[in-house]
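Engineer: Okay, here's what each chain looks like letter by letter:
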Amino acid sequence: SVWVMLESVIINSRQHVGLQKVSALAGRFRSSIGPIKNYKFIQDEVSRESVLVCSCFRIIENLEPTCAVGQLVYETVQAHHKGYRSGSGCLLFLAGAWSRTALDCLQRGIAVTHIIKAMSEGIDICLDVCKKSSVLFKDIAVMHKRTATPRDLGLQLSEEAITDASQEAANVHDKCLNMSGQRRVKLSRHFYEAKSEMLSSALLPDLLELPDVAVLADSLSHGCEDAMKLAVEAVQMLSKMNQQDISDPSFDISKVQTCVLPGLPEDCACVVEGCVFLLSDEQARVAHRIKQQPLKVALVTGDLSQTYRHLGFKSLSGVGVCEHLDLSASSKEDEWLEKVVNRLLNLKVNLILTAGLASQKVIQHCCRHHILVVEKVNSSVLRIIASSTGAVPVSYATQLAEPCVGNGINVEIWRDLSSYERESSTAVNISNGRNGGLVTAVITSCIHGKLQALEDQFWACAYRLHHALKDRALLPGAGGTEVLCVHQLQKQAEYHRVEDSKTGSAANLYRGLVLQLMADGLIDYISAVMVSTGRFSAAEARTIVSKQLQDFHKDEIIAGRFLESRREDAVFSAGKPDEALTVKIYDNLSVKQEAWRKALDLVFLVLQTDAEIITGTGQRAEENLMRL
Amino acid sequence: MSRLVKKSPSVCTDLPLSSSDVCNKLHLMKEFLRSSYGPTARLKQVHNNIGGSVVTSSTSSVLLQAIASSQPIISLIRSSILNHVSRFSDCGLFAAVFCLCLLEQAGQCGLRKNVMIKVNKHLLALCTGYLQQEDCGCKVKLDFCSSQSLITLARSVISSKPTCVLTEPESDHISRLAVQAFLLTVPCNIPDTVRLGRTVTITIEGHSVLKSAVFPGLLLSMPESLCFDSLCSPLHVVLFSISLAGDLSEIGDGRIEMHQGVDVDSQILDQLLELGKQVLKDGVKLFLCQKVIHPVLQHYLRCNGVIVIERLGVSLMEPLIQLTGAQPVATLHATIPSTVYGKVHNVCIRQFGCKTLLHLHPAGESAICSMILCHRNETMLNELKLVCQTTEHVLGLTLREPFALLGGGCTETHLAAYVRHKSKNEVSESTSVLGCSQTEYLLAADAFCRSLELVATSLEHDGGTSLIDLTHAHHWTLPSDVTEEHLEGVMAPCGCGVVESCQNKTRSYLDTKYAGFSPAPLLTASPLQATVLDSFTAKVNALGVAVETANLVLDVRYVIQDVN
Numbered sequence: 001s002v003w004v005m006l007e008s009v010i011i012n013s014r015q016h017v018g019l020q021k022v023s024a025l026a027g028r029f030r031s032s033i034g035p036i037k038n039y040k041f042i043q044d045e046v047s048r049e050s051v052l053v054c055s056c057f058r059i060i061e062n063l064e065p066t067c068a069v070g071q072l073v074y075e076t077v078q079a080h081h082k083g084y085r086s087g088s089g090c091l092l093f094l095a096g097a098w099s100r101t102a103l104d105c106l107q108r109g110i111a112v113t114h115i116i117k118a119m120s121e122g123i124d125i126c127l128d129v130c131k132k133s134s135v136l137f138k139d140i141a142v143m144h145k146r147t148a149t150p151r152d153l154g155l156q157l158s159e160e161a162i163t164d165a166s167q168e169a170a171n172v173h174d175k176c177l178n179m180s181g182q183r184r185v186k187l188s189r190h191f192y193e194a195k196s197e198m199l200s201s202a203l204l205p206d207l208l209e210l211p212d213v214a215v216l217a218d219s220l221s222h223g224c225e226d227a228m229k230l231a232v233e234a235v236q237m238l239s240k241m242n243q244q245d246i247s248d249p250s251f252d253i254s255k256v257q258t259c260v261l262p263g264l265p266e267d268c269a270c271v272v273e274g275c276v277f278l279l280s281d282e283q284a285r286v287a288h289r290i291k292q293q294p295l296k297v298a299l300v301t302g303d304l305s306q307t308y309r310h311l312g313f314k315s316l317s318g319v320g321v322c323e324h325l326d327l328s329a330s331s332k333e334d335e336w337l338e339k340v341v342n343r344l345l346n347l348k349v350n351l352i353l354t355a356g357l358a359s360q361k362v363i364q365h366c367c368r369h370h371i372l373v374v375e376k377v378n379s380s381v382l383r384i385i386a387s388s389t390g391a392v393p394v395s396y397a398t399q400l401a402e403p404c405v406g407n408g409i410n411v412e413i414w415r416d417l418s419s420y421e422r423e424s425s426t427a428v429n430i431s432n433g434r435n436g437g438l439v440t441a442v443i444t445s446c447i448h449g450k451l452q453a454l455e456d457q458f459w460a461c462a463y464r465l466h467h468a469l470k471d472r473a474l475l476p477g478a479g480g481t482e483v484l485c486v487h488q489l490q491k492q493a494e495y496h497r498v499e500d501s502k503t504g505s506a507a508n509l510y511r512g513l514v515l516q517l518m519a520d521g522l523i524d525y526i527s528a529v530m531v532s533t534g535r536f537s538a539a540e541a542r543t544i545v546s547k548q549l550q551d552f553h554k555d556e557i558i559a560g561r562f563l564e565s566r567r568e569d570a571v572f573s574a575g576k577p578d579e580a581l582t583v584k585i586y587d588n589l590s591v592k593q594e595a596w597r598k599a600l601d602l603v604f605l606v607l608q609t610d611a612e613i614i615t616g617t618g619q620r621a622e623e624n625l626m627r628l
Numbered sequence: 001m002s003r004l005v006k007k008s009p010s011v012c013t014d015l016p017l018s019s020s021d022v023c024n025k026l027h028l029m030k031e032f033l034r035s036s037y038g039p040t041a042r043l044k045q046v047h048n049n050i051g052g053s054v055v056t057s058s059t060s061s062v063l064l065q066a067i068a069s070s071q072p073i074i075s076l077i078r079s080s081i082l083n084h085v086s087r088f089s090d091c092g093l094f095a096a097v098f099c100l101c102l103l104e105q106a107g108q109c110g111l112r113k114n115v116m117i118k119v120n121k122h123l124l125a126l127c128t129g130y131l132q133q134e135d136c137g138c139k140v141k142l143d144f145c146s147s148q149s150l151i152t153l154a155r156s157v158i159s160s161k162p163t164c165v166l167t168e169p170e171s172d173h174i175s176r177l178a179v180q181a182f183l184l185t186v187p188c189n190i191p192d193t194v195r196l197g198r199t200v201t202i203t204i205e206g207h208s209v210l211k212s213a214v215f216p217g218l219l220l221s222m223p224e225s226l227c228f229d230s231l232c233s234p235l236h237v238v239l240f241s242i243s244l245a246g247d248l249s250e251i252g253d254g255r256i257e258m259h260q261g262v263d264v265d266s267q268i269l270d271q272l273l274e275l276g277k278q279v280l281k282d283g284v285k286l287f288l289c290q291k292v293i294h295p296v297l298q299h300y301l302r303c304n305g306v307i308v309i310e311r312l313g314v315s316l317m318e319p320l321i322q323l324t325g326a327q328p329v330a331t332l333h334a335t336i337p338s339t340v341y342g343k344v345h346n347v348c349i350r351q352f353g354c355k356t357l358l359h360l361h362p363a364g365e366s367a368i369c370s371m372i373l374c375h376r377n378e379t380m381l382n383e384l385k386l387v388c389q390t391t392e393h394v395l396g397l398t399l400r401e402p403f404a405l406l407g408g409g410c411t412e413t414h415l416a417a418y419v420r421h422k423s424k425n426e427v428s429e430s431t432s433v434l435g436c437s438q439t440e441y442l443l444a445a446d447a448f449c450r451s452l453e454l455v456a457t458s459l460e461h462d463g464g465t466s467l468i469d470l471t472h473a474h475h476w477t478l479p480s481d482v483t484e485e486h487l488e489g490v491m492a493p494c495g496c497g498v499v500e501s502c503q504n505k506t507r508s509y510l511d512t513k514y515a516g517f518s519p520a521p522l523l524t525a526s527p528l529q530a531t532v533l534d535s536f537t538a539k540v541n542a543l544g545v546a547v548e549t550a551n552l553v554l555d556v557r558y559v560i561q562d563v564n
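Chains A and B supply the protein sequences, listed in that same order. Under full-length UniProt numbering, read the first sequence as residues 1 to 628, first letter to last. Under full-length UniProt numbering, read the second sequence as residues 1 to 564, first letter to last.
Hints listed in this document are in silico derivations from the structure and should not be mistaken for laboratory results. By construction, the Cβ of each residue, glycine as well, lies at the ideal position given by its N, Cα and C atoms. Check before you lean on any hint, since a few could be wrong.
Straight-line distance between alpha carbons at most 27 Å, and here's what the computed DSS-like set of lysine-lysine pairs gives [claimed, not checked]:
(1) 82(A) x 355(B)
(2) 422(B) x 513(B)
(3) 82(A) x 385(B)
(4) 355(B) x 376(A)
(5) 131(A) x 339(A)
(6) 132(A) x 513(B)
(7) 385(B) x 117(A)
(8) 117(A) x 211(B)
(9) 291(B) x 314(A)
(10) 339(A) x 314(A)
Calculated from the model, a selection of chain B residues having no Cβ within reach of chain A, i.e. all distances over 10 Å [unchecked claim]:
(11) 79
(12) 111
(13) 389
(14) 461
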């Protein structure tokens with residue numbers, strides 16, 4: 001049976017239930033946006049189980065919204081998180097703020113089509129501001145040079161040396177100028193590094209325009225300095241391993257894995273080449289035996305068992321055997337095991353990685369022959385190992401043949417964890433240290449409940465670097481971009497108002513108003529972020545923002561000097577105050593644009609919806625429910 | 001011990017249309033579908049309330065699919081409209097709203113049901129007769145020499161679904177792509193019977209709509225990154241429709257007896273490898289299977305330089321057969337005759353976002369093309385896919401009848417004015433044929449015309465008022481926030497965009513009675529440049545379905561329900 005929930009009655013009274021739901025849901029994240037995040041407990045009323053969450057994405061994931069609108073919000077956030085790993089809070093907040101904008105418009109009697117048209121104009125203005133105010137890498141490199149001091153460059157160079165170096169760089173650049181024909185005096189700290197003379201001069205113009213990843217990282221850490229440190233290590237290790245062209249830096253996120261190790265203190269977190277697995281004592285003994293020597297490796301995508309069949313294989317149910325002298329199942333398995341181990345021994349394989357499971361019996365049997373079996377390996381890891389070792393993944397161990405076996409992989413004992421009383425007590429590091437390999441960030445914490453949050457922070461930082469290198473540009477952070485957008489929206493709103501009074505037409509009356517209300521949503525966002533730092537009251541935050549809007553200096557904002565007068569309060573940085581003075585804060589261009597776009601798309605869908613169809617059975621005692 | 005449950009007797013309802021419960025449900029259904037009609041429609045969320053995915057849509061196929069009802073009358077209307085949609089894809093909401101309006105108007109005018117039925121039938125014939133006429137005032141002949149009218153037709157369909165959230169440049173882009181795809185599916189060398197090719201749609205989430213594109217040939221999803229050496233053209237293709245998973249799933253149910261020690265799995269695998277050997281010997285370079293291929297066979301073929309793609313799914317089989325000319329192989333127990341192999345000119349790999357696709361270029365003439373549809377989120381993308389499929393169908397229908405109807409409600413108001421005028425003028429002839437009184441006839445005709453006008457009115461959802469001009473009988477909308485004195489200055493052209501507002505015309509509110517007149521055709525030298533066009537074939541059929549369904553419902557005397 002079907003229930004139709006008609007909300008049209010409610011819409012007539014200009015109270016859109018869907019938008020109210022989005023606004024209410026988003027309101028629960030008000031205190032979780034911005035760089036300073038507090039941990040929250042979410043407790044299940046029934047099971048009394050609780051989880052420790054930090055990011056907005058994990059909160060909404062654990063809240064499990066059940067109503068249609070809530071689910072739509074969750075699906076949107078999920079899709080965003082999948083591609084960006086940060087910005088979910090911004091998306092949620094603006095979805096709520098702009099829902100209120102739409103509600104406000106409805107209450108003033110503006111038609112839905114007009115609201116959509118005007119808000120589309122609004123987002124176009126905002127995205128255009130983003131495009132125009134984005135800071136290109138080359139400019140960041142220049143700015144960094146201007147403000148850089150030896151301390152924050154992390155290089156032991158005297159003031160003089162830098163001057164010399166920059167002089168030298170300028171000379172080199174003069175030469176380049178003639179070649180490129182463009183007058184660009186851009187400098188980069190790459191110049192101070194010893195490698196610079198090895199670079200051909202043809203590469204220089206490009207190189208001059210790239211800031212160092214570490215510089216980007218400082219600006220993008222947004223309060224997760226430790227996680228960002230790991231992410232930078234991962235970028236640097238990957239580019240070293242893959243001998244990346246430094247004029248074209250990128251960060252291939254698919255070659256990064258995380259390994260979560262509870263029990264170890266947080267400062268043990270690090271990045272290692274290859275991947276890290278936890279082994280039992282028995283496996284560890286084999287690992288000790290085969291460590292530090294190039295090994296042959298076999299990759300299996302299925303389970304290591306005789307009964308495993310590939311996906312899509314339908315076992316016969318009605319098979320009977322004429323004579324009941326069948327071998328018992330166990331002897332069949334023994335036969336299979338014998339066959340597999342003999343094959344592995346013939347192929348001289350010492351390491352077998354499987355994406356599926358391996359039974360205890362198989363692991364033990366292999367251990368006896370000094371073959372290390374590692375199960376539950378991520379299938380993307382298998383693919384990367386396959387391409388870097390020349391191994392060909394097979395579905396069945398019985399399929400293995402000489403051409404499938406990969407070479408030159410190493411097993412190292414990474415850390416003995418037996419003192420932490422764990423079931424799997426040894427962490428091993430498997431790598432080949434060659435081109436095309438992968439890196440693993442090991443995330444550690446003594447508090448089990450924090451691991452998820454730490455892992456999320458690492459991924460957020462890694463994705464920020466990934467997108468920054470992809471976009472080749474950043475946005476002024478610390479609310480700067482939002483202020484620019486607010487300014488532009490208000491300017492356009494004013495323009496519409498003036499136009500209206502001139503022409504006297506009522507048709508455009510709503511446009512200025514909608515843009516103004518959208519700007520208010522952004523102001524609300526900036527002040528909410530400021531409030532969540534705990535250093536401002538809501539009123540103070542609003543005063544600061546409106547003061548900024550009054551003495552508006554676009555160039556200063558783009559140069560990252562927004563709210564500079566308040567820097568001592570470290571408005572948007574969770575770092576120490578003295579650091580906040582020197583580090584400019586930037587945001588990711590594509591992440592912000594995508595989060596805004598998604599937030600508004602969500603508002604549009606909900607704004608246009610006036611009824612729900614609930615399919616399936618189940619009695620519900622709700623108002624406005626009609627049965628068809 | 002078995003327990004006997006007493007069977008309850010069937011429930012019989014006399015005159016279901018006079019029951020208030022049925023009327024309320026019909027009214028609810030009407031309001032529900034009416035609010036989903038047109039380019040500014042209100043959307044509906046379909047979900048199951050236990051955490052299933054939420055579908056947001058205003059498409060008739062989605063909405064009607066979702067609203068299963070225990071009331072037989074509702075089910076009758078629902079299945080009748082769904083049947084229309086499955087045949088014509090378009091005008092489902094038009095048919096449903098018109099049908100429900102007819103029923104409601106019939107109830108209100110209080111005439112005998114059989115009179116209503118007869119008059120409805122008569123007026124339907126009048127409408128369809130007029131629409132087929134050469135000089136019909138709401139019909140446009142499609143000009144195939146230019147793509148403009150096709151693009152307009154496509155854009156009207158595409159922009160009728162607000163769930164897609166398309167900007168103007170985006171709907172222009174998609175409309176052009178839809179026409180381009182349609183033209184690619186029209187075969188060049190026409191044999192005796194024209195058979196349209198197919199457009200295969202691939203959706204990619206998270207990209208701008210403007211990245212959508214159309215390619216001749218077929219794009220197949222690749223499971224993993226694959227590299228292959230340059231292959232010499234043409235490539236031989238083999239296509240399997242049975243599972244090559246190495247199981248015996250294809251032999252059906254039943255008990256199998258086998259001797260001890262027989263390893264069925266390895267025997268089938270040997271058979272599969274035998275098959276692999278044969279296709280290798282025959283020089284096959286592309287090995288395709290609708291279902292699963294045993295990994296060992298895949299491995300063997302790949303090692304020998306063959307491109308293997310499994311799990312294609314049944315929907316890709318027909319386009320593949322058309323493109324490659326291969327005949328699907330449904331057995332693995334016989335040698336493959338060389339006649340079943342097909343060929344493609346060459347293949348290349350295309351990367352769209354996270355999807356890696358293998359592009360098959362046809363060896364000869366082919367009417368198969370692929371459409372990559374991109375949108376920012378899943379909800380919008382799903383609706384966009386639906387609407388593009390409807391467009392493909394609508395464009396295909398123009399080959400049968402190269403006409404389009406004026407959109408934006410103008411056809412409805414025009415038809416209503418025509419029927420009013422005609423029925424008044426020919427009242428005596430009609431009543432003698434139909435055997436009813438003149439009053440009855442005029443009342444029933446008014447109900448019919450009111451219903452048509454209500455459909456036009458249903459396009460407006462923001463409190464605007466519908467108007468009709470008393471010259472051409474086109475449909476106009478007066479937005480709610482525009483005052484009467486600004487009317488002339490701001491009023492846009494009529495619904496279909498053919499009549500400009502500057503022309504001095506008297507207009508009447510649609511919900512008031514206006515004096516009957518014969519709608520004048522537009523006399524212009526150039527062909528009509530409408531901005532909104534509707535599918536002629538789909539709408540004419542929808543008109544028929546709506547009236548016949550309404551008549552059938554009016555004719556229901558008893559409903560007998562088995563409640564067990």
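Engineer: If a hint holds in the structure, say so; if it doesn't, say that too.
Structural biologist: Each hint, compared with the structure:
1. 82(A) x 355(B): Distance of about 15 Å is within 27 Å: holds.
2. 422(B) x 513(B): The hint holds at about 16 Å.
3. 82(A) x 385(B): Given that 27 Å is the threshold and the Cα spacing comes to 23 Å, the pair holds.
4. 355(B) x 376(A): 25 Å, holds
5. 131(A) x 339(A): 62 Å, violated
6. 132(A) x 513(B): With Cα atoms ~57 Å apart, residue 132(A) and residue 513(B) exceed 27 Å; violated.
7. 385(B) x 117(A): 23 Å, holds
8. 117(A) x 211(B): 22 Å, holds
9. 291(B) x 314(A): Between residue 291(B) and residue 314(A) the Cα gap is close to 12 Å, so the pair holds against 27 Å.
10. 339(A) x 314(A): 24 Å, holds
11. 79: Non-interface label stands for residue 79(B): nearest chain A Cβ at 14 Å, farther than 10 Å.
12. 111: 27 Å, holds
13. 389: 21 Å, holds
14. 461: 7 Å, violated
Checked against the numbered hints above, the structure violates hints 5, 6 and 14; every other hint is satisfied.
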